[in-house]
Amino acid sequence: MKKDNLTRIGQGMFNNIFKKSSSVLLAGLFCFFVTASADAAEFVIFHTSDVHGAINAHDDPTAKGEFKPLMGGYAVLQNLINKTKEKAEYKGARFMYFDSGDFFQGTPIVDRTKGGVMIDMLNKLGANGTTLGNHEFDYSYENLQKQMIEKKFPVLCCNAFDKRTGELLPFATEYAVFAHDGIKIGVIGVDTPETKWISFEKNVENIEFRDPVPIVTALAKKLKKNGCDFIIMLSHLGLNADIEFLKKAEGVDLILGGHTHVVKQDFVYAGPNNTPIVHSGCSCEHASVVTLDIDGISKPKMSVKSVSLYQKDIGEDGFIKNLSEDYLKDLRSEMTKVICQNKVNLYRGVAGGNSPAGYLVGDAMRTVGKADMAFLNFGGCRKSIYKGNITVEDIFMVQPFENAIEIVKMTGAEIKHVYELSLSVPTVKMGDEDKKQALEQFNCIVDGLRLEVGAGYGFLIPSGVKIYFDLSKPSMHRITKMVDMNDKEIEDNKVYKVAFNDFLVDGGDGFAILKTFPQKEKTDILVRDAVIRYVEELKVIEKVPANRVFNASLTEEFLE
3 MKKDNLTRIG
13 QGMFNNIFKK
23 SSSVLLAGLF
33 CFFVTASADA
43 AEFVIFHTSD
53 VHGAINAHDD
63 PTAKGEFKPL
73 MGGYAVLQNL
83 INKTKEKAEY
93 KGARFMYFDS
103 GDFFQGTPIV
113 DRTKGGVMID
123 MLNKLGANGT
133 TLGNHEFDYS
143 YENLQKQMIE
153 KKFPVLCCNA
163 FDKRTGELLP
173 FATEYAVFAH
183 DGIKIGVIGV
193 DTPETKWISF
203 EKNVENIEFR
213 DPVPIVTALA
223 KKLKKNGCDF
233 IIMLSHLGLN
243 ADIEFLKKAE
253 GVDLILGGHT
263 HVVKQDFVYA
273 GPNNTPIVHS
283 GCSCEHASVV
293 TLDIDGISKP
303 KMSVKSVSLY
313 QKDIGEDGFI
323 KNLSEDYLKD
333 LRSEMTKVIC
343 QNKVNLYRGV
353 AGGNSPAGYL
363 VGDAMRTVGK
373 ADMAFLNFGG
383 CRKSIYKGNI
393 TVEDIFMVQP
403 FENAIEIVKM
413 TGAEIKHVYE
423 LSLSVPTVKM
433 GDEDKKQALE
443 QFNCIVDGLR
453 LEVGAGYGFL
463 IPSGVKIYFD
473 LSKPSMHRIT
483 KMVDMNDKEI
493 EDNKVYKVAF
503 NDFLVDGGDG
513 FAILKTFPQK
523 EKTDILVRDA
533 VIRYVEELKV
543 IEKVPANRVF
553 NASLTEEFLE
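Reading the sequence shown from the start, the letters are residues 3 to 562 in this note's numbering.
Honestly, I wouldn't trust all of these hints.
Claimed, not checked - Computed cross-link-like contacts, SDA-like style, restricted to lysine to any residue with a CA-CA straight-line distance of at most 20 Å: (1) K411 to T525; (2) K307 to I83; (3) K85 to K70; (4) K126 to K153.
Simulated from the structure, these hints should not be mistaken for laboratory data.
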């Protein structure tokens, strides 16, 4: 046989082998890509936090004019979910809804039902999970257990334990796993350890709130070992605490956060891995829509959109709307009663600054309680009060708590010491986000130093006294002058009658020192009822209360 024939035979054999090998290789590659694409999954996650009983649409608190568009409520949220599901771009995705806690407390209907309305609404919304906030305990731990019997969604909270059993709270679980198209997501829930001192002591005395860092790190490791591709932490720690958490913990891929009522339009990144954090505001006025594309191989693709829940833009789901109306109809005549005319806007303000709305509450406590002065915790004033008719519901929204007035006899020196505690927490330089939030929510131009919220002691809003201080000075040496409303010095040795709410006197917001004063008298007058009585007697509010707080490190101007 000729050499060139041998060569052609060899080449043919090689070509056949190559073709077969190529076919096998291509088939292998095809199988690989098919397998990879089969395990790719898209999740669309809706997130809210700090709903505080706001089940129906209400006035936009950031609108500057007297006409305020309606926003928020579960019917609007449900319609947003409905419309998103109809979009072709999300065909084949799994849709989920999570809430980061504090759905109890804040409106008349949630108070009337002791939270039961919120469990029913979350059931009907098909919530995939919630964590707990501090306010879930406001009607007592026993009530919370009773209400949770009706839940049809997992309550995720890995760091709250019943002291009597050493176990997780009986209605809670550490985490839940959600699967879609071969991809698994693990969701872990945490509540703020601050709950032990920002709640009534009697409501949480049998609960231990542990540091979430080691618990979550261990759970995330366990979940990933067991096949989870992505870990979400459902957090009620607060934005700054979420950031600090990510500096210490490992294994979390996304935080859906709450507690500080902050709306973030985009991800906030923190920790060594630049882990994204989402915060969705409060009162069901905004929802975050997070999309996740996960294939289990490459880095997950994530995006977030913050949606303002305006009723006119989104519409309302009929079923959820009717359910809300069924709950609210019996309350309407009582809550819409007009009790006062208001000719000015009374804003809540920032911690460390003036609070016209807080001053109205404090003045009511002092007047009805027949005290020399009064102090209200900053967190005890929940909303601003706007021009126009003031209704019973308006006062309820400002002061939703079942707190009673308590009178404590204190010397001037003791009052100054307690107020120094109020000012002793770390300070925060007002950044662009702080300034924007102050302008949007309180119509206030601010700059300088404010107090950090939730950092050991709550800021106290005064009535009947003017307090001058400088936050740039060392802690416990910040007060420069304290005088009454006639500019007479508060005398160190003189005994004054001071009105607080019983939450503070019970040691709330860090003020355990108030429990030690022997001369105390608890009244049967709720702070809310005192405010209603006070404004009814005023009939008309003609002007903004005079400033009582003079923070040398802060400039502020309320705009009308």
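Which constraints among the numbered hints does this structure fail? Numbers only, ascending. Per hint list: single violation, 3.
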